[in-house]
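Protein chains: 2
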Amino acid sequence: MSGPGPLSLNTVTVKERWGLADCIEGCARHGIPGLAPWRDVLQAMGTAAAARQIRDAGLRVTGLCRGGMFPATDAAGRAAAIEDNRRAIAEAQEIGAPCLVMVCGGLPPGSKDLPAARRMVEDGLAAILPEARAAGVTLAVEPLHPMTCADRSVVSTLGQALDLCEALGDGVGVALDVYHVWWDPALASQMRRAKGRIAAFHTCDWLVPTTDTVFDRGLPGDGVIDIPAIRAMAEEAGWAGGAEVEILSRRWWSRDPDDVLPLLKARHLAAC
Amino acid sequence: MSGPGPLSLNTVTVKERWGLADCIEGCARHGIPGLAPWRDVLQAMGTAAAARQIRDAGLRVTGLCRGGMFPATDAAGRAAAIEDNRRAIAEAQEIGAPCLVMVCGGLPPGSKDLPAARRMVEDGLAAILPEARAAGVTLAVEPLHPMTCADRSVVSTLGQALDLCEALGDGVGVALDVYHVWWDPALASQMRRAKGRIAAFHTCDWLVPTTDTVFDRGLPGDGVIDIPAIRAMAEEAGWAGGAEVEILSRRWWSRDPDDVLPLLKARHLAAC
Numbered sequence: 081m082s083g084p085g086p087l088s089l090n091t092v093t094v095k096e097r098w099g100l101a102d103c104i105e106g107c108a109r110h111g112i113p114g115l116a117p118w119r120d121v122l123q124a125m126g127t128a129a130a131a132r133q134i135r136d137a138g139l140r141v142t143g144l145c146r147g148g149m150f151p152a153t154d155a156a157g158r159a160a161a162i163e164d165n166r167r168a169i170a171e172a173q174e175i176g177a178p179c180l181v182m183v184c185g186g187l188p189p190g191s192k193d194l195p196a197a198r199r200m201v202e203d204g205l206a207a208i209l210p211e212a213r214a215a216g217v218t219l220a221v222e223p224l225h226p227m228t229c230a231d232r233s234v235v236s237t238l239g240q241a242l243d244l245c246e247a248l249g250d251g252v253g254v255a256l257d258v259y260h261v262w263w264d265p266a267l268a269s270q271m272r273r274a275k276g277r278i279a280a281f282h283t284c285d286w287l288v289p290t291t292d293t294v295f296d297r298g299l300p301g302d303g304v305i306d307i308p309a310i311r312a313m314a315e316e317a318g319w320a321g322g323a324e325v326e327i328l329s330r331r332w333w334s335r336d337p338d339d340v341l342p343l344l345k346a347r348h349l350a351a352c
Numbered sequence: 081m082s083g084p085g086p087l088s089l090n091t092v093t094v095k096e097r098w099g100l101a102d103c104i105e106g107c108a109r110h111g112i113p114g115l116a117p118w119r120d121v122l123q124a125m126g127t128a129a130a131a132r133q134i135r136d137a138g139l140r141v142t143g144l145c146r147g148g149m150f151p152a153t154d155a156a157g158r159a160a161a162i163e164d165n166r167r168a169i170a171e172a173q174e175i176g177a178p179c180l181v182m183v184c185g186g187l188p189p190g191s192k193d194l195p196a197a198r199r200m201v202e203d204g205l206a207a208i209l210p211e212a213r214a215a216g217v218t219l220a221v222e223p224l225h226p227m228t229c230a231d232r233s234v235v236s237t238l239g240q241a242l243d244l245c246e247a248l249g250d251g252v253g254v255a256l257d258v259y260h261v262w263w264d265p266a267l268a269s270q271m272r273r274a275k276g277r278i279a280a281f282h283t284c285d286w287l288v289p290t291t292d293t294v295f296d297r298g299l300p301g302d303g304v305i306d307i308p309a310i311r312a313m314a315e316e317a318g319w320a321g322g323a324e325v326e327i328l329s330r331r332w333w334s335r336d337p338d339d340v341l342p343l344l345k346a347r348h349l350a351a352c
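Residue numbers (the numbering used here), protein chains in the order written: chain X, 81 to 352; chain U, 81 to 352.
Calculated from the structure, these hints are not laboratory results.
Heads up, some of the hints might be wrong.
Said to hold, decoys possible - No more than 27 Å apart at the CA atoms, straight line, and that leaves these computed lysine-lysine pairs for BS3-like:
no., chain 1, residue 1, chain 2, residue 2
1, X, K192, U, K345
2, U, K275, X, K192
3, X, K345, U, K192
Work the whole structure out from these sequences, hints included.
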């Protein structure tokens, strides 16, 4: 098997310490060739300035995090989400991101109607797809771990994300994060179905024990995920874009990013 | 839709406060007609004494929790697990439990080989199936929420549990806990496949936020699971055995069971 390809830093990995300008400089300083901003740090810096500085630093943008969050209690809330996603598509285009990572949203507050929330997601994606196609920005639907189904993503499996791809057609792909899919008994069969659909590949690790359902991810190699096996399936499905390391972790957020980035580089090579 | 059928108390719901004798008396006192012991309290009381007292109290045993935990680092560890499961089958038979709930086990310590662990589960089930059939005790494979895949159950979806049923044949069924399956986008289609295979039906609820991956379940009605919808699917698949309430919760364990049991009864009627 070949190596894991180029590394990209997802800015949430250092979110407590670095703004986007720091991330751009940090990637350049540490020899990390890719960057995937979240919208909060992008907007704080200003999209035009960020686009210029990323280009000047010679970094490749691997995605913008995140669009989605479609389900809402009423039509006005759903329309507002769709408008916000249109802005996200424009931002992704402006910084040269090939995809907008879609964290599609959980149940509306007070709702137990999961099928309805899932329809809202499909409707939301369909609504913004013309803008995404026009901008050349793939909507990368990210299945999130089922433990986030209530409050973050009613898209819970790769199979479900691929169903959305097939229903919606060109311009929709999947963002594959090993953390969210490693447990899936249908992973191997669905990865065969994912041919040509993978738009982003994210790494981190599942710790044992896991003490928080959102903010306790591990560095690649510190947990139980067989990342190279999943990468091999992704490559078999046509993915050749390297890996974006995205670690939401209170533990790692407390550390100096200038200490964390060399670790990320080492683990990218040793454990991915 | 008809009512939720008879209620059964899973003893883990009151584990910090009551032994099995307390549970038997408590069910009788509160008018709860069913009981599902865990092996720890069963063994502490003594299986013969427990069987007698349960019978004398007129309670219906809905299952014994739990067998499983098959994956192990070496052959000796796997053989020990199989022997322990044979003892569990004998205990289930002695107390008149129709099924042994199987929490099949996670990855062996230090392993990242999920396919191998899953094979160990299938091999373990196959090894004990003759004893289970002879005892008339169904092996109720419980798919556990994917967030427990590393350390508790590599059986993560209803579809996967049904694959095991089909591979192993008569004597194997599924234990369906709404907590573990509610998020599954394939739930409706797999429930159609589960016809005649459901051996246990467990209730509790998914809280938002969920602060612990194991010990933060809610009372039915306190979370986001549409329990009546899942019950309707189970009934469509032939289930007519009521519901066993199984709540692993540090919060509820701190309360007096004589206060909790009336709440369970009320929620069983109002939210299940």
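Run the distance test for K345 (chain X) versus K192 (chain U): straight-line Cα separation, threshold 27 Å. holds (21 Å)
Tell me if the straight-line CA distance from K275 (chain U) to K192 (chain X) falls inside 27 Å. holds (25 Å)
Does K192 (chain X) pair with K345 (chain U) here, judged by a C-alpha cut-off of 27 Å? Holds, at about 21 Å.
When the structure is compared with the earlier hints, no violation turns up for any of them.
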